[in-house]
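Engineer: Per numbering that gives the first Met the number 0, the very first residue in the sequence shown carries number 0; after that it's consecutive.
For the record, the hints were derived by calculation from the structure and aren't laboratory data. It cannot be assumed that every hint is accurate.
[What the hints assert, rightly or not] With a straight-line cut-off of 25 Å between C-alpha atoms, the simulated PhoX-like cross-links for lysine-lysine are:
#, residue 1, residue 2
1, Lys38, Lys18
2, Lys39, Lys97
3, Lys39, Lys28
4, Lys28, Lys17
5, Lys87, Lys8
6, Lys28, Lys38
7, Lys81, Lys102
8, Lys8, Lys18
9, Lys39, Lys81
[Unchecked claim] So the derived label-pair ranges between C-beta atoms look like this:
#, residue 1, residue 2, range
10, Asn94, Leu41, 22 to 30 Å
11, Thr33, Asp6, 15 to 23 Å
12, Leu41, Asp83, 24 to 32 Å
13, Thr33, Ser101, 28 to 36 Å
14, Gly49, Lys25, 16 to 24 Å
15, Asn79, Asp20, 27 to 35 Å
16, Gln100, Lys18, 15 to 23 Å
17, Tyr11, Thr80, 25 to 33 Å
18, Arg52, Leu9, 30 to 38 Å
19, Tyr11, Lys87, 30 to 38 Å
Just so you know, even glycine gets a beta-carbon here, dropped at the ideal spot from N, CA and C.
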Amino acid sequence: MLLTIIDRKLGYQNRSLKKIDTYATKASKFNHITREYSKKQLSERWNVFGDVRIQRDLYSAFLICNTTKTLNAVDVDLCNTKWDEFVKLHNIEVNYLKNAQSKTLRWFVA
0 MLLTIIDRKL GYQNRSLKKI DTYATKASKF NHITREYSKK QLSERWNVFG
50 DVRIQRDLYS AFLICNTTKT LNAVDVDLCN TKWDEFVKLH NIEVNYLKNA
100 QSKTLRWFVA
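Starting from the given sequences, assemble the full structure and let the hints guide the process.
Structural biologist: See the structure below:
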């Protein structure tokens, strides 16, 4: 229902909702730096890239935002281009969540 509403509102702007192939993309398992897939436990909330720690769900969203035009694979070159800005914005948001009054929000970065 939510996606239907979003798609209708996008239609007002002559745009449409794009749906990636989640099975083919496997964003939660992919590492754009090594180009490898590895299964993670649900309890693993962070991805580590050298000295950089990235929250798992935010990293998956980053990968999904950077898929190929066919929407079935991650565009690694695009990820590499946008990586530094993503890390900067990620760290700002994580700091915000760490200081949030809401225990629910703090849980995402605990």
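Engineer: Each hint needs a verdict: does it hold in this structure or not?
Structural biologist: So, going through the hints one by one against the coordinates:
1. Lys38 with Lys18: 23 Å, holds
2. Lys39 with Lys97: Within the cut-off at roughly 23 Å; holds.
3. Lys39 with Lys28: Roughly 7 Å separates the two Cα atoms, so the pair holds.
4. Lys28 with Lys17: Holds - the C-alpha atoms of Lys17 and Lys28 are around 21 Å apart, at most 25 Å.
5. Lys87 with Lys8: 30 Å, violated
6. Lys28 with Lys38: 5 Å, holds
7. Lys81 with Lys102: Answer violated: Lys81 to Lys102 is near 31 Å, above 25 Å.
8. Lys8 with Lys18: Distance ~16 Å between Lys8 and Lys18 Cα, so the pair holds.
9. Lys39 with Lys81: With Cα atoms ~24 Å apart, Lys39 and Lys81 stay inside 25 Å; holds.
10. Asn94 with Leu41: 22 to 30 Å: Distance hint for Asn94, Leu41 holds at roughly 24 Å.
11. Thr33 with Asp6: 15 to 23 Å: 35 Å, violated
12. Leu41 with Asp83: 24 to 32 Å: 29 Å, holds
13. Thr33 with Ser101: 28 to 36 Å: 35 Å, holds
14. Gly49 with Lys25: 16 to 24 Å: 22 Å, holds
15. Asn79 with Asp20: 27 to 35 Å: 22 Å, violated
16. Gln100 with Lys18: 15 to 23 Å: 35 Å, violated
17. Tyr11 with Thr80: 25 to 33 Å: 31 Å, holds
18. Arg52 with Leu9: 30 to 38 Å: Cβ of Arg52 to Cβ of Leu9: about 34 Å, so the range 30 to 38 Å holds.
19. Tyr11 with Lys87: 30 to 38 Å: About 32 Å separates the Cβ atoms of Tyr11 and Lys87, which means 30 to 38 Å holds.
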